[in-house]
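Take these sequences, add in the hints, and give me the full structure.
Each residue of the sequence shown is one higher than the one before, counting from 33 in my numbering.
Just so you know, the hints here were simulated from the structure itself, not pulled from any lab data. One or more of the hints may lead you astray.
Across the chosen pairs, the derived CB separations fall in these ranges [stated by the list, open to error]:
#, residue 1, residue 2, range
1, A51, G80, 32 to 42 Å
2, E47, E74, 29 to 39 Å
3, G86, E37, 17 to 27 Å
4, G80, D46, 33 to 43 Å
5, M33, N71, 14 to 24 Å
6, G80, A48, 31 to 41 Å
7, S60, S85, 10 to 20 Å
8, A97, T39, 31 to 41 Å
9, S59, A98, 11 to 21 Å
Quick caveat: nothing in here was measured; it's all calculated off a predicted structure. For glycine and all other residues, C-beta sits at the position ideal for the given N, C-alpha and C.
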Amino acid sequence: MKIKEITAILGPTDEALAAAINATGASSAELAQAWAWINADEALVNDGRSLPSGIIADLIDILEAANVSDEE
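Okay, structure coming up:
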């Protein structure tokens, strides 16, 4: 995934975070799903969505460790 794709989803992002995201091999769609879970997990659960797993769960862990969310 290109840095442009990452910043389009997350906003300004440092190189270390972008590298960690790229290391997962995730697509921009998977990153967008992880971003949605970070920012609206309760709403997604209430909507009946399955809990994230695989690459999306890995991305959530990376984003949480970097303390990245819309609420900043």
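The hints, checked one at a time:
A hinted range of 32 to 42 Å for the beta carbons of A51 and G80 is consistent with their spacing of about 34 Å. For E47 and E74, the Cβ-Cβ distance of about 32 Å falls inside the hinted range of 29 to 39 Å, so the restraint holds. Roughly 19 Å separates the CB atoms of G86 and E37, a value that falls within the hinted 17 to 27 Å. In this structure, G80 and D46 meet the distance hint of 33 to 43 Å, their C-beta atoms being roughly 35 Å apart.
For M33 and N71, the Cβ-Cβ distance of about 19 Å falls inside the hinted range of 14 to 24 Å, so the restraint holds. Distance hint for G80 and A48: a CB-CB separation of about 35 Å, consistent with the stated range 31 to 41 Å. Under the hint 10 to 20 Å, the C-beta atoms of S60 and S85, about 19 Å apart, fit the expected range. Distance hint check for A97 and T39: the Cβ-Cβ separation is about 19 Å, which falls outside the suggested range of 31 to 41 Å.
For S59 and A98, the Cβ-Cβ distance of about 19 Å falls inside the hinted range of 11 to 21 Å, so the restraint holds.
Comparing the model with each numbered hint stated earlier shows that hint 8 is the single one that does not hold.
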